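*Asks:* Residues per chain, in single letters:
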Amino acid sequence: MLIYLLRRLAYVIPTLIGVNLLVFALFFLVNTPDDMAREALGDKASSPEQLAHWKASRGYDLPLLWNGGAAGAAKVTRTVLWTKSLSLLWGDLGRSDMTRELIGPALRERVVPSLCVSLPVFLATLLLNIVLAMQSARRRGGAFDMNVQLLCVLLMSVSSLIYIIAGQYAFAKVMRLTPVSGFQPGRDMALFLALPVVTGVVSSLGGGVRLYRTLFLEEMGRDYVRTARAKGLSEARILYVHVLRNALIPIVTNVPLQLLMLMTGNMLLENFFSIPGLGGYTIGALRSQDFAVVRTMVFLGSVLYMLGMLLSDICYCLADPRVRLGGGARP
Amino acid sequence: MTTKSSTGTTARGGGLGPRLWRTAPLCLCLCLCLLATRGCRNDPWPSAWSGSDTYYTSYTAEIKTLDPAVTYYHHEGVILESIVEMPLGYDYLRRPYELKPMLLDRMPEVTWLDAAGRALPDDAPAAEVARGEVLLTLREGVRFQPHPCFARDADGRNPNLSEGVLGRAGLSRPGDFPHQSTRELRADDLRTALTRLCDRRLASPVFSNLSSFVEGMPACSEAIAAEVARLESLPENAGRDRELYPVCVDYGRIPFAGAEVLDGRRLRLRLSRKYPQFRYWLAMHFFSPVPQEALEFYSHPRIADRGLQLRLWPVGTGAYRMAECLPHERIVLERNPAYRDVRYPAQGAPGDREAGLLDDAGQRLPLTGRIVFNFEREPLPIWMKFQQGYYDDNGIPADMLDASVTVDASGDIGLGDEFAARGVRMVKSVQATTYYVAFNLLDATVGGLSERQCKLRQAISIALDFHEYVDIFSNGRDIAAQSIIPPGAGISGSCDLNPFTDETDPQTGRPRRLPLSHARRLLAEAGYPGGVGPDGRPLTLHFDDSSSGSGWKTRHQWLRARLEPLGIVLESRVTDSNRLRDKLSRGDWQLMMRAWVADYPDPENFLFLFYGPNATVANGGHGMNYSNYASETFDALFRRLETMPDGPERARLLAEANRVLQHDAPYVFAYHRRDLLLVHRWLRNYKPHTMANTFLQFLRVRGAEREAARREWNPPLVWPVRLALVLAFGAAIAAALRPQGRG
Amino acid sequence: MTLAEALGSWTGQNLLTLALAALAVWGGWRCSRREHWRLAWRQLRRRRAAMASLVILSGYLLVALLDSVGWRSPAVSPDTGEPLRRPDTGEVVLDGGRSALDHLLSGLRRRRERSYSAPLADTGLAMTRMGEGGRGRVAVPEPLRFPGAHPLGTDRVGEDVLYQALKSIRTGMVIGVLTTLLAVPLALLLGILSGYFGGWVDDLLQYVCIVLSSIPTILFIAAFMLVFGQGLPQLCLAMGIASWTGLYRLLRGETLRLREADYIQAAIGLGVPHWRILLRHIVPNVMHLVLITAILRFSSEVLAEAALTYLGIGVGADTYSWGSMINDARTELTREPLVWWKLTAAFAFMLGLVLPANLLGDAVRDALDPRLRTE
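Chains as they are written, first to last, in the numbering used here: chain A, 1 to 331; chain B, 1 to 743; chain C, 1 to 375.
Don't take each hint at face value.
Simulated pairs of lysine-lysine, BS3-like, Cα-Cα distance not exceeding 25 Å [as the list claims (entries may be wrong)]:
#1 B:583 <-> A:55
#2 B:687 <-> B:100
#3 A:55 <-> B:64
#4 B:428 <-> B:687
#5 B:428 <-> B:100
#6 A:55 <-> A:75
With the C-beta cut set under 10 Å, the calculated list includes, among others, these residues of chain A facing chain C [stated by the list, open to error]:
#7 14
#8 16
#9 21
#10 29
#11 149
#12 152
#13 169
#14 207
#15 210
#16 283
#17 286
#18 297
#19 301
#20 309
Just so you know, these hints were derived from the structure itself, not from any lab. Remember, predicted model here, so these are calculated numbers, not experimental data. Glycine included, C-beta positions come from ideal geometry on N, C-alpha and C.
Can you build the whole structure from these sequences, using the hints too?
*Replies:* Spelled out as structure tokens, the structure:
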């Protein structure tokens, strides 16, 4: 297992470089440094000298990929790619191109609200998914199962935008139970989070229940379940101990990957509910062409993703000791 | 909160007793959830603020900077200009707009001089004037807000920058520092602000504009650059990160020909040409004084490390100071304790007394203790919160007002009954803004200044009936434009009727578009009978736009539908703003819709958009004349009226210039924004001003009245949720109680 | 004429539509000859919900097809109503062309009002200004030009909402189908190659997969659309590229498992060429996964369009879509009285497509699962 993990780790660096290069390419195919400067300074202030100074002060006056004018290693290091994009690899987040605010503290400030929304959504969804899917699976084909299935398909067939708009309208405007939007740490936090969390859960429920139901059904058809029943174990024990434990494998392989979404926030939810989190930060950066922030967010996303993959591998191993990582066959 | 429960539906077979026990966690969850619903309310504000004299409003674009040398956005200006003051200000109540001294003791004294240094009369032609001198005299007894940057110990050092203070935790706002002090405003502070505009590191948006009439700005810019280089090369700054900790320049020591400090309260501005509009600039925040102490304080590395910067925590002499600054969340201003004695004006425009705008005459400002600006990314929440009474006004009014207003016979706008019953008032004001559809005059099809080409543009102008547009898109709120200059915004030179596109409606006496048949005739004369061009194909035009903001799709649909009856096909080409700017600077476009927001209430600020030498393509993408319109007749008129004081002669020239533009039709003049702000009944003294942002201190909030209304309007309706909870849990409990066999 | 132009012209588009339709029919015919699929089909026929879904989906497909073929017709002078002719040669001038659906719905399309009106209303929402003055509000609801003729009301510029919703069907279907057609074959090809061959092929493909999937989808699509411009094909391409990785991982795993199966090991031992093994043994055995993913993918892509449009990276200005209808509704909901019909229409039409697709997907999965077969 250790060797497998090491091999995985060896993947990390090239992958991060790949992600960086891709983002760099995508971004600068669209926005030249001149565009960025003009966006930042506004139409009224974009004289050539000011554009030049803006670029110089932020390091965008360098060539993008190859500095022919420099000597030696500086041919590569004195470029935008090196100073702005690859610098992330050694943990230098830098400053926002637009506001000059340090990105590190900005992230720290925003990650808490993001987590406050996405963590409850994630946990509640996971719990509800498992419980509903289990109940549905054990009553397979019955009225309960059919109703849950239909409900799930219905839930899945609605755009999350509709949930948000309808939720705000019903709960905040008609029933006046929660604030329309906003965020406040402290005592009132639950009040502000209720609506986004409920909306988030409802919009991500359908798919999960259906997936988990399939997994549980798959497991319930196995021999060990029959054996357990023959031994006279209670149904609940069979389901929630044995079946769940075995079905957990695909679940845990999936769960850490969702860490990505947890940290980087849900852009739609954050925008509509005015939650000062990372999702809104990313959208803002994309709109204002803030390369420093965009590449940091993507980088952060990919680091978390990789971390999630690693974690899921470890979980996979822990959940099912029979699995030998590195052995090849891994669904 | 309904979803986080229902964990243990682990019913197992067996007797009823154990099964009852199994349901205990479910019952507990149900009880907890029901209890939790008791705390439901939709108040988005901290309870500590309820009932206080706080004014709540919103902003929808993120605050990037509040640095007076840099910001150019309206929503930032509103915040900044409540904190800082300018040499001149607009009278709050009087209309048309009237400049009066704010930080100054009296109006600036101007002398125009010829090349030999002789004083010239005020109406001397611009060509004879070689330079100008303006004497600014500051008011006595103006003090800055208490701020840690002014604190000094016996040795003249700032005790806040000592190791003992800087080592403390929790210094996240200037107000957290132990030593606060203030100081009187000096003429140096004004000079510092001006000199700072020349600092290239700031990239002030007005530098090039100002250097066209203030003396010595480029030289000053060079001097600052040299000084920055010198400071950075000093041994103590070796290894200093210029990005993180920019060196602090002592602007007082930089030579600057444009501003000379005569004594503590007097400053002489030197202008390089005749430019009477400089007065308006003195009312903008670019001229607000900046204390050198603040620059030094914020440039301290340990302060910068705490995220304290001038761009977020401006230091000024105004009515408010920053109390909380979270640009992506909210900004809170509180009363500046050192604000001098300023009183609510005792006289206003006709009708103000009846409107209750003079009720607070003679009261000391500011009338409201705290201002809360809340960041909202979506219009819907703002609107809902306004309806619930949690915002005192509806903030940005663009899309939201559509149908809450009704239009009456004379075109006047009134409120819907529902709002009227709640005591919501509506405040109208014409913005110094013109929206237009521009033609690219360099384009082979829509460009050119020959009679035929002008007719094509006139025909399109008639077809694009912006009277209808205004009715549809803003419910008659905005004003269909007849010329580039908005009427009713206190700017001379506006035009009542564009004879090439409109006629007077005999019933209402107001302009309406000429009939479409007229447009078709013009189109035929232009060489496109029935919209079919010489090549036998329907005339196809491109409309370039960037896809920002909501509603742009319907805008395109409308434009397309309006040109269809002429047989013209309009194709949308939607790109991002970068590509759009590229197209502008290359002149590779045909039609485009844009807007111009005036900086000051002078017609010159509108007409320069058509001045030939400002053409965008010729200036490599930098001029503001996007249409690349170049007419010798117009240019000659513009040069004559540019620096002329308002009067009959200028009015005549303005009318002539308007007529030339209306005939050549480089723009389809679309509409002028009329802002309609909805204001709750407890917010008093609101009078919109399109130029000044210093209105917050005049507002009064009746907190108790607001509190009562909020309570009355927002009783929580809990039973549906409780019912749903009981049903859901009831079902789960029932399921758990049922004896179960195998699944 | 470039490829893009060719595809943009009606001739090109008609040919493409016909080719795709023919391909689908051929595929169906091939499948119907396989015992495996015929069995599944018999299963499917017994499920009423599945059959109902199939009928609804066929309806949607028909509308989409009708909206994809079109022709140019003579332009008519707006003045006289007579066909336009070239001034010099007298030739009849053709207009830009409209789809078959447009021709069918020309009634709806032409019945424009000035602005909003509620479903089946006789008057608009807007108040007219009365001619002669007098103070006080003389606001009278404006009579419609075509009272009662708009089953789902009209929008801000007076366009029929039903027409917009119907026009959006093609957009939704194109996004769903094209994206799926892009992502699924790509994932299938790469997945089985990666799983079957292993080694450096696997390493390389895994690397690409990880790099792509670690960029947040929205960022990727936004950047892609910025590079290649806004439009329906670009959106499909971007969504396709962004979404193949999930299925790829699934198929790679499945292939890894299958590869170890005895009969495949035996085939390898017998020296059967790789491509033959892949085609004859691996592909048929992962087909059920592919099919189910394709159907579920289809519905999620249709929904994703709405969210993307909200974020400003959706389809272009000239294209109708449910996403842009919902997007408009954000501001319409702030009106009093509420303008609810556009949102409702978009919601209902989306549900009408996605719900049957999901139901059918479920039924197909069950029908293909041998363990669930009830003979």
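*Asks:* Run every hint past the structure and note whether it holds.
*Replies:* Here's how the hints hold up against the structure:
Restraint check for residue 583 (chain B) and residue 55 (chain A): the C-alpha separation of about 22 Å stays at or below 25 Å, so the hint holds. Taking the CA atoms of residue 687 (chain B) and residue 100 (chain B), the gap is about 17 Å. The hint holds against a cut of 25 Å. Using a Cα cut-off of 25 Å, the hinted pair residue 55 (chain A) and residue 64 (chain B) holds, with the two alpha carbons roughly 18 Å apart. A distance of roughly 9 Å separates the Cα atoms of residue 428 (chain B) and residue 687 (chain B); the hinted pair therefore holds under the 25 Å criterion.
Note on residue 428 (chain B) and residue 100 (chain B): the hinted pairing holds, with a Cα-Cα distance of about 24 Å set against a maximum of 25 Å. Straight-line distance between C-alpha atoms of residue 55 (chain A) and residue 75 (chain A) comes to about 19 Å, which keeps the hinted pair within the 25 Å bound. Interface restraint check: residue 14 (chain A) against chain C, minimum CB-CB distance 7 Å, threshold 10 Å, status holds. Of the supplied interface hints, the one on residue 16 (chain A) holds, with its beta-carbon coming within about 9 Å of a beta-carbon of chain C, less than 10 Å.
Taking 10 Å as the C-beta contact cut-off toward chain C, the hint placing residue 21 (chain A) at the interface holds, the least distance being around 9 Å. Residue-level restraint check for residue 29 (chain A) holds (minimum Cβ-Cβ distance to chain C is 5 Å; threshold 10 Å). Evaluation of the residue 149 (chain A) hint against chain C yields a held restraint, the C-beta minimum of about 7 Å falling below 10 Å. This hint holds: residue 152 (chain A) has a C-beta 9 Å from the nearest C-beta of chain C, less than the 10 Å allowed.
Interface hint status for residue 169 (chain A): upheld, as the beta-carbon distance to the closest one in chain C is roughly 7 Å, under 10 Å. At about 8 Å, the closest approach between the beta carbon of residue 207 (chain A) and any beta carbon in chain C falls short of 10 Å, and the interface hint on this residue holds. Taken as an interface hint, residue 210 (chain A) checks out: its beta carbon lies about 8 Å from the nearest beta carbon of chain C, inside 10 Å. Interface restraint check for residue 283 (chain A): the shortest CB-CB distance to chain C comes to about 7 Å, inside 10 Å, so the restraint holds.
Checking residue 286 (chain A) against chain C: minimum C-beta separation of about 6 Å stays under 10 Å; hint holds. For residue 297 (chain A), the interface hint holds, the least distance from its beta-carbon to any beta-carbon of chain C being 7 Å, beneath 10 Å. The interface hint given for residue 301 (chain A) holds, since its Cβ lies 5 Å from the closest Cβ of chain C, which is under the 10 Å cut-off. Interface hint at residue 309 (chain A): satisfied, since its Cβ lies 8 Å from the closest Cβ of chain C, which is below the 10 Å cut-off.
Hint compliance for this structure: no hint is broken.
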